[in-house]
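Residue numbers (our numbering), protein chains in the order written: chain A, 5 to 341; chain B, 105 to 449.
A few of these clues could be false.
Said to hold, decoys possible - Facing chain B, a subset of chain A residues (Cβ under 10 Å, in silico):
hint: 1; residue: A26
hint: 2; residue: P124
hint: 3; residue: A158
hint: 4; residue: H265
hint: 5; residue: V274
hint: 6; residue: D275
Because the hints were derived from the structure by calculation, they are not lab data. Positions of the beta carbon are idealized from the N, C-alpha and C atoms, including for glycine.
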Amino acid sequence: MTAPRAQSAGRWQAPTHPERRALPSHLVRAAAALFDELPALVPAAVVDAAAARLTAAAAALAPEVELLVDPFRVRAAAACPATAVPDPDEVFAWTPATAARTLGLRAVAHHLRGDCGATPIEAAVDAVVADLIADGGHRSPGPWLAQLAPPARAVALAQARRWAEQAVAWLPLRLVGHRELRFLDDDWWRPRARTSEGPGRWLVVHGRRDITVAVGGRRVAVTVAGGTASNPGLAEVDALTALAGLLCDPRGRLVRVVRVHPASGEVVAVDVTAALVKRAVGVVLATADVLAQALPAVNPGPGCTWCPRRATCAAGTAWLERPDRRSMGLPLLTCGA
Amino acid sequence: MTCWGTRSAELDVTVGWHPRQVIGAEVLRVLRGDPTCRPAPDVALIAAARSHLEAAAAAWAEAVPEGVVVRVTKEAVASVRRCELRHLDGLGRRLEPGQPVPAVVRGRLVDAVFRQVATTGGVGGDPLADAVAACAAEGEPVEADLAALSEDQRQQVRAEVEAATATLVASWPTLPVGAGLRTQERLLVALAGGRVVLSGRPDLAIGRPTRHRAGVLVCEAKSGCFRAAHLEDLRFYALLEALRWGVAPFRGVVWSLGDGRLEALDIDADLLWSETLRVADAVTRLTRLAAGEAPRASANPLCPSCPRLPGCADGSRQVALAGGALLDDSAEDEDDDDDLAELVR
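Just need the whole structure built from these sequences, with the hints factored in.
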């Protein structure tokens, strides 16, 4: 059980910062989401109850089952359950797109840490890439970057710079001391002890925080997302981020999840409350149910257009070739097009 | 309100292969414009533009089937306003496998080169190979299209890519440190609760707005010669940027590497509002089509090459008026027969 913690009394007021008054309008919105009217901490009992429910769900799993509930699978399970189930032949490989987040966020940290003023983003990305290549490592993009030909490395650099520029442009990180910022935190939670029913049953909850801002004694998790705020499944991912952050922090200091969409300029702030935690547990259990199915349902829809499994999915292909798509003003797509 | 219009930046400086090439300092001058004249944020205008677009989207959004997102791109805006019938026909044909067009292949390769030059300042000894590798790294391989071209076409594409690369490397300026350079940045504006999405991806965006004035420049590199439609692209991007930041960009620049023209478009309130009206019209048309309504044909200069021409009365009339192919009487409305016959004579 987690230790009891002090409850916040009343609403916390953001400190007045002289620079905040000089911010452009898009950063004023982001600053409000980060600092203003932060809610009280979620009671420890709520988090304990959530952990207990998830532990019980893990115990009910079939032996030798390991389920990973992460942001991708939460969104996939809601859209098309078949795509949420991991492909056994799938091997992770770095690409400019997947490396952009890691490189970009490290570059932002480097940019803000500059002792003699901010390091320019371009220089920060170059420095981060050089460090990663020098350090190597199994889970680092360094070895992948090292073997890239110049054109491919230029593409990776361009995407990382864009990522970092967007993060700096859309988040008022200069208002926060660099000691109060953390980058690239992953929350991995699993039941504290293996269940007595069998040694191989795991339910792993994975949340991703791009940036964590310490505001007083509380934490605000920031994620930088593509697309627009109206994309389906993002609210569930926010709930998952909040739940994983609370479960992995014994002091339960996460009070808000802020999602920034640089492409559309939207900023979405979700307060972490008891209701959100309860909903997040439901999301995790629903996703786990989908992942545990031997034959998950196929739910074709607009996502089929970009689905990597389209070539082998008859339902998705049929949906994309539907004649009435033409009357909708959507392009007709054929498998493999 | 002042209408700045377009401003040509053709220079007589001759460097390298191209007779009208511009040099780095002059390019930088055009990119910057006049820093003292950058407009202040016009909150009321941006709010009015957004509400106008929302109203345009709302007219038919409810009738759009569940799960369908109407994506409004610069191509869709131009195409659907030209002729809804042809636009719908083109959607069906767009992704059908076919013979690649050399100009399109060249455009993708030059875009990749431009991105590399803007990011790293140069390219390797073989620009074509670099561009092909860059496209593959971006997940948009171009090798198959290149291989499908004839040998002559391939050599022509190679020559054009190399020429464009030479121009870019010789002319692209060294930008100030911390310029905030973003290549191929996606711009999205969600309308009607996300049922309609305006979408664009300019080649290059530089800077970010401050509290008191616009600070973003949008730059497009074109592999071919300058066309007026390129300025429409800039206007579309300017509107998207304005809706996203809450501040319009101060300038858009299109660099046509085919003829060395560097055209700048200063963004002001008039331009932004006229673009709002144009895009709102397209949004209404696209959502109406997505809702399943019948497309309307409109006569336009592209009618002679339209695959739907034989059954299209408006198109046939357009062709006849333009002195093109002979009028097909069976395709015309009876009421118009006499007038058209007179016109043809």
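Comparing the hints with the structure gives:
The beta carbon of A26 of chain A is positioned within 10 Å of a beta carbon in chain B (closest approach about 6 Å), and the interface hint is therefore held. A least Cβ separation of about 4 Å between P124 of chain A and chain B falls short of the 10 Å threshold, and the interface hint therefore holds. The closest approach between the C-beta of A158 of chain A and any C-beta of chain B is roughly 4 Å, which is under the 10 Å cut-off, so the hint is satisfied. Residue-level restraint check for H265 of chain A holds (minimum Cβ-Cβ distance to chain B is 8 Å; threshold 10 Å).
At its closest, the beta carbon of V274 of chain A sits 17 Å from a beta carbon of chain B; the interface hint therefore is violated under the 10 Å criterion. At about 22 Å, the closest approach between the beta carbon of D275 of chain A and any beta carbon in chain B exceeds 10 Å, and the interface hint on this residue is violated.
Checked against the numbered hints given earlier, the structure breaks hints 5 and 6 and satisfies all the rest.
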